[in-house]
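Could you build the full structure based on these sequences and the hints that come with them?
Below, each chain spelled out in residue letters.
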Amino acid sequence: MDSTLPSGPAVHIEGLDKHYGSFHALRKINLSVDRGEKIVICGPSGSGKSTLIRCINRLEQHDGGRIAVLGTELNDDVGNIDGIGREVGMVFQHFNLFPHMTVLENCMIAPVIVRKRPRAEAETTARRFLEKVRIPEQAMKFPSQLSGGQQQRVAIARALCMQPQIMLFDEPTSTLDPEMIAEVLDVMVTLASEGMTMICVTHEMGFARRVADRVIFMDAGEIVEEAPPEAFFTSSRNERTRQFLSQVLGH
Amino acid sequence: MVSLLRNQKVRNALLQALYVGSLAATVLACVMIARRNLAEQGITSGFDFLFKSTGWDVNFSLLPATANDPNWWFFLIGIVNTLFLGTTGLVLATIVGTIVGLARTSSNELARLLGRTYVDIFRNIPLILQVFFWYALITHLPTPRAAHEAFGMLLTSRGLYVPVPNVGGTALAAAMLAVIAAIAFPVWLGRTPRLNQPFGERSTIQLASAAGALACAAILLAVGRLPDLPLLDFPALQGLNLKGGLRIPPEFSALAGAIAIYGGSYIAEIVRGGFKAVGKGQMEAALSLGLSPWRVFTQVRLPLALRAMLPILANQYVWLMKATTMGIAVGFTDFFMIVALTINHSGQTLEVIGILMAGFLAINLSLAAVFNRINKAIALKGNQLRG
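These protein sequence lines map, in sequence, to chains A and B.
The first sequence runs 3 to 253 under this note's numbering.
The second sequence runs -2 to 384 under this note's numbering.
Source of the hints: derived by calculation from the structure; they are not laboratory data.
We treat Cβ as the ideally placed atom computed from N, Cα and C, and that holds for glycine.
Keep in mind that a hint or two might mislead.
[Said to hold, decoys possible] Pulled a few chain B residues facing chain A out of the computed Cβ check, cut under 7 Å:
no. : residue
1   : Glu281
2   : Arg292
3   : Pro300
4   : Leu377
Written out as structure tokens, the structure is:
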């Protein structure tokens, strides 16, 4: 990690509240993620896991509490938001690639426009990351000509091309076939081994066990339990956690 | 024989033959009835009338016209007038439609309400009423002596008078071509494979070429300007009438305005639909990559929305082009009005209606062909079932 960066946690969340109309989506969330730490968030649908990570890169605005990313607080200061957007990459459940651009262009657009890199340099970077996610040969294709797993790997490469310090994953494998889940998880494991700060919303418990430093269980907008994976899977104290785990691991 | 009739292929062939045969018989019957009726009325059919002089005049023409000109020249005048009115109407309708459509998709409640009110009002009033309304409004403007003035233009009941440049015809035409090149060349550049990049340096080359072409236009205007006259010829009152400038007759303004406002309300809905069709996910992805809202709009939202809009837009353009036939309601000599007048004067109804049909087919099929080309060129590749 670059020593010139401000010290302190990668993400620091304190008393976070979020409402959608009368629905209370997040209730007094406290969470601190260190640099290089890998967090897996799980929980039943509607428990607020996606909302939480979408608040971290400001796709959703919180209405109570504080979020600081890399030492910068997310508030109404537009400059702060722009700066943070570049340092936080996100991978979505539905890939959300740009269908009118080739795979290569998908990976180049942000470095060229946001970081003002020359095209040639952006292309080299893009090809390097496509190599890393193991699809360099698909560079000139369009997203819809690829399989779901390939598309998701492009989405990961696209986010990495901005060379972010934090990566957010919002159920990256939940719409994929089993063999494609493996190829996406492989890429995520490699990324984790290289020291990336990762916050992953996922139900891939094998991945959590292997990679996570901490597993967080959310229900009804609250963090119910937070523990290292081994403790989380074997000796969780909470009734709701145990019920959820029996449903996820039961088959 | 019976077994032959049970054969699917034989049956299909027989049915097909029966269908073609009855169609041919119907057409033949129509032609024979028409010929007999024409002969009874002493009308000889044929296209000789095309080369006879019309004996009547038109009130608006971009081409030189006198009553001695032959009928075919008048048809050409009509087509040019229709194309001029249609193009003006389409461009204005597109501008209106884009603004209103964007207002309807805006996050601002007031803008949405205004957009919706606009669409509700102008989409639900028949076009012909709107044409009459604007025509009545314009013809009730003050006389030339009490004309409203704005930006060097004069609004009067005799029409809209706009300033024209005092520049020789050839130089003016060349300058216009340069302006068209300034728009067309960057678009063409964008389609060449080596430069076919959706963002980055290409835009710089395109901007430079557009600026170059515009500079050429400016030089042409400066070189071609008529000596000892101001660059712009402003309309002004002289005695009881207006001198100078270019007069846009009330008929044209009323039609172009009505087509723009009525068509704009339809195009606004197409624009709104196009923007609604863009997945929220793509915009979130762009935002999460750090693109500014403006860049998200120009790089992701607009290009995707345009692809959704184009096929429906082409349909609407063909419709609006046909709406120019409203010219006859207020006395604008568009193609349809010339056709109607020619029928009255020559009596060659069938031939002239044939020409009318051929003319509109040619105009609208060309328009559709252009849009199909564009549509094909920018279509998204591959299977689009997945977002």
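We went through each hint and held it up to the structure:
1. Among the interface hints, the one on Glu281(B) holds; its C-beta lies about 6 Å from the nearest C-beta in chain A, closer than the 7 Å criterion.
2. The closest approach between the C-beta of Arg292(B) and any C-beta of chain A is roughly 6 Å, which is under the 7 Å cut-off, so the hint is satisfied.
3. Annotation: interface hint on Pro300(B) holds; nearest CB of chain A at approximately 5 Å, less than 7 Å.
4. For Leu377(B), the suggested interface contact is upheld, since its CB lies about 5 Å from the closest CB of chain A, less than 7 Å.
In summary, this structure violates none of the numbered hints.
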